[in-house]
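Participant: Residue strings, one per chain:
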Amino acid sequence: MSEHEEHTTHSQGFYLAIGILLLILTATTVGAAFVNLGAFNPVVALLIATIKATLVVLFFMHVKGASEKLTGAVVASGFFFLMILLVLSLADYLTRSLP
Amino acid sequence: MHDSQAVTVMEHEAHNPALVHQFSDEKQQKNAASLGMWLFLVTEIMFFGGMFCAYLIYRLTYFNAFAAGSQQLNIWLGATNTAVLIVSSVTVVLAVKAAEAGKRKLLVGYLVVTVLLGMTFLVIKGFEYKEKFEKHHVPGSTFNFTEKFDDNGKQIPVNSKEAELFFSLYFVMTGMHAIHMIIGCVLFTGLAILAWKGHYTSSYFTPIENGGLYWHLVDIIWIYLFPLLYLISRHS
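So the protein lines, in turn, are chains W and U. Residues in the first sequence are numbered consecutively from 69, following this note's numbering. Residues in the second sequence are numbered consecutively from 34, following this note's numbering.
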């Protein structure tokens, strides 16, 4: 039980920096939507969204640095089951037009 | 039973009245509450995941109509709302930090600002919905959406029923998200009142932390709703 474990929060400047980074990523994804990237428009938009969500989960929701490993396991299992839902469903629908 | 242990436990309970008897210490109690909150958030992820999955499959199936519908959404209002939610997430973590430091007035301040930002989001969302009613883009008997214009101003016919499906999913997904925002605003108003009354100390602020987790999750859902509904079909 070190002192570090008791305080999972970061400094105020750190949170503001993450917030500014999230706003910059939002501006980037809006800007990218106006550029015609063809099939890569959805890829870029969802990649940026995933980076933003990861930043929020790790630093705002304090999964990184959480003293309880079980929390990390629950978060990972939630992500895993969501992927089963999305990946397996789309693996079906995306390949139906194939011979 | 060792008497010395019992005495220690009793002293501990007297030290922090927020510690309930089934937990051996504050850390265990806090971890249990956090774990329970995360399990709830996982059910929320699966709940919204089903809607995301339906949206992706119908977008694949009725690509043309979904792109036409998406292009009618107001990208600037959506972007503004994304920024509002990100700022509110920052005020939430600062509230948790203020609670940890035992700064009561600062905590109340951040909670109130968070509620105001949440209400700002809902007002902007309301203006978006108003625009949809005016343009007859709300699914139902008055729904009207038959064509879109390409980059050269040429008319392209759109299947009205397929476009209606896009707007149905738009209203269900943003509507469920908005309901979560309303719940969040009510929750945070309650937390602000209790914080003002001094219910939370630097050794007990679990409701602030767990309320924050909920708020961040609602933010993350919007982080995905925004590109999926507003952004990815601009050039389709």
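No lab work stands behind these hints: they were computed from the structure. Among the clues, some could well be false.
Label-pair ranges, simulated between beta-carbon atoms [to be verified]:
#	chain 1	residue 1	chain 2	residue 2	range
1	W	144	U	209	19 to 29 Å
2	W	167	U	61	16 to 26 Å
3	W	85	U	187	21 to 31 Å
4	W	95	U	229	18 to 28 Å
5	U	182	W	103	17 to 27 Å
6	U	159	W	164	53 to 63 Å
For each residue, glycine too, the CB sits at the ideal point set by N, CA and C.
Participant: Indicate, hint by hint, whether the structure satisfies it.
Facilitator: Structure-based check of each hint:
A beta carbon spacing of about 25 Å between residue 144(W) and residue 209(U) agrees with the range 19 to 29 Å that was offered as a hint. Judged by the Cβ atoms, the range 16 to 26 Å given for residue 167(W) and residue 61(U) is violated: they are separated by roughly 58 Å. Roughly 47 Å separates the CB atoms of residue 85(W) and residue 187(U), a value that falls outside the hinted 21 to 31 Å. At roughly 36 Å, the beta carbons of residue 95(W) and residue 229(U) sit outside the given window of 18 to 28 Å.
Between residue 182(U) and residue 103(W) the C-beta distance comes to about 20 Å, which sits within the given range of 17 to 27 Å. For residue 159(U) and residue 164(W), the hinted distance range of 53 to 63 Å is not satisfied, since their beta carbons lie about 39 Å from each other.
Going down the numbered hints, you'll see the structure goes against 2, 3, 4, 6, while the others check out.
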